[in-house]
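> Two chains, two separate frames, one set of hints: put the complex together.
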Amino acid sequence: GDSVTQMEGPVTLSEEAFLTINCTYTATGYPSLFWYVQYPGEGLQLLLKATKADDKGSNKGFEATYRKETTSFHLEKGSVQVSDSAVYFCALGEVTSGTYKYIFGTGTRLKVLA
Amino acid sequence: DAGVTQSPTHLIKTRGQQVTLRCSPKSGHDTVSWYQQALGQGPQFIFQYYEEEERQRGNFPDRFSGHQFPNYSSELNVNALLLGDSALYLCASSELSGTGALYGYTFGSGTRLTVV
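Residue numbers (the numbering used here), protein chains in the order written: chain A, 1 to 114; chain B, 1 to 116.
Since the hints were made in silico from the structure, they are not lab data. Since no wrong hints were added, every one of them can be taken at face value.
Okay, derived cross-link-like pairs now, SDA-like style, lysine to any residue, Cα gap no bigger than 20 Å in a straight line:
| id | chain 1 | residue 1 | chain 2 | residue 2 |
| --- | --- | --- | --- | --- |
| 1 | B | 26 | A | 99 |
| 2 | B | 26 | A | 45 |
| 3 | A | 111 | B | 40 |
| 4 | A | 111 | B | 41 |
None of the values given here were measured: they were computed from a predicted structure.
Only chain B is shown next, with the shape it has when bound in the complex (with noise of 0.2 Å):
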C-alpha cells in the first residue's frame, strides 16, 4: 500500500515565476494538508483541504493556493515566488481531518523547491 506521493521531490525556480506541486494521499484518506518547512525550522501548516474545499488556512499570503481533486489527490500552487519560499513542502494526509487526533497523519517524503 503506497503511502502519501509527492511530485516532484526537487524544483529550482527562478523569482516571479509560479510552481505547482502534486500530492497524492494514501489510500482511504480524504484530507490532504499542506506544510511548508524552511531550513532548520518545524513545518508550517499551510491550508487543508476536504471534499474538495479549503477547511483552513494558516498564516500565508494569497499567492499559496490549492485544490483538491475528485479522488482525493491535491495541488499546492504559489504564485511570483520569492526567495523566502524557499522550502521543503509537505503534504500530509488522513481518513476525515478529525480522526488526525487519534492515527496522526501520514506524511510524504516532501518537494523541495529552491527559489534563485
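Isolated chain A (complex conformation) (with noise of 0.2 Å):
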C-alpha cells in the first residue's frame, strides 16, 4: 500500500540555519502531498500542500517541491527561528472507494536553539 517514509529526528539546528527535512513516498497513484506542523501539546496545522507534480508548496518560508521523478516532497526553510520548534509530518491525500484519507509519516522532531 501507500507509505511515506520521513527522515528520523530529531534535527537541531541554531536560529538561521539552513533546514532540509526528506520526505519520500510510496504510491500508485497520483496523490496529494502536505506538511503538517505540530506544536507542543496542539494538533496539527497544515503547513504547505502540492497537488501534482512539479507544483511547490509555499508557506512562511517554508517550501516544498512535489518531485514525481524522485517520489520526494522535501521540506526547506532558508532561516529557522527558535519559533518553528515543532514536529513536522509529510503526509499523502489517497482516494480508496471514494473517500479521502491522509497517510502520515512518522514526523521530524526540529529543535532550533537561540
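Right under this line is the structure:
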C-alpha cells in the first residue's frame, strides 16, 4: 500500500540555519502531498501542500516541491527561527473507494536553538 | 469562526472501560475523520463519516466505533479499553471528502486518552 517515509529526528539547528527535512513516498496513483506541523500540546496545522507533479507549496518561508521522478517532497526553509521548533509531518492524500484520507509519516522533531 | 472543537481535552480511563470522544467540525464542513496518534508516531486513520455514515475504516478493531449526527458533529467510541489505546485522538473535518485533496483537512487539538 501507499506509504510515507521521513528522515528521523530530532533535528537540532541554530537560529538562522538552513533546514531540510526529507520525505519520500510510495503511491500507486497520483496523490496530493502535504506538510503538517504540530506544536507542543496542539493538533496538526496545515503548513503547505502540492496537488500535482512539479507543484511547489510554500508558506511562512517553508517550501516543498512535488518531485514525481524521485517520489519526494522535501521540506526546506532558508533561515529557521526558535518559533519553528515543532514536529513536522509529511503526508500523502489518497482516494480509496471514494473516500479521501491521509497517510502520515512518523514525524520529524525540529529544535531550533537561539 | 471556530475551527474543529474536540472534547474532552484529557481523559484517564481504566482498562476494560468504555470511552466516548466528541468532535464538532469547522463551520461549513460536513465530513469528519478520526485519527489515532500514538506517542512519537504519525496519526493513523481510524474512519471517516459523511452523511451520517461510516465511509471507510482503517485497520482498527470493531471496539472502535463512531457516529455522525445531523449537525455533522461526531463521536468516537472505544469499548473494552486496552493499555495500547493510550494516544492522542484527532478529529479532522473538511467540506466533502474529496476536497481534502485541494484544501487539506482542518484538525482539532485532540483528546489525550490515557488508559491505566
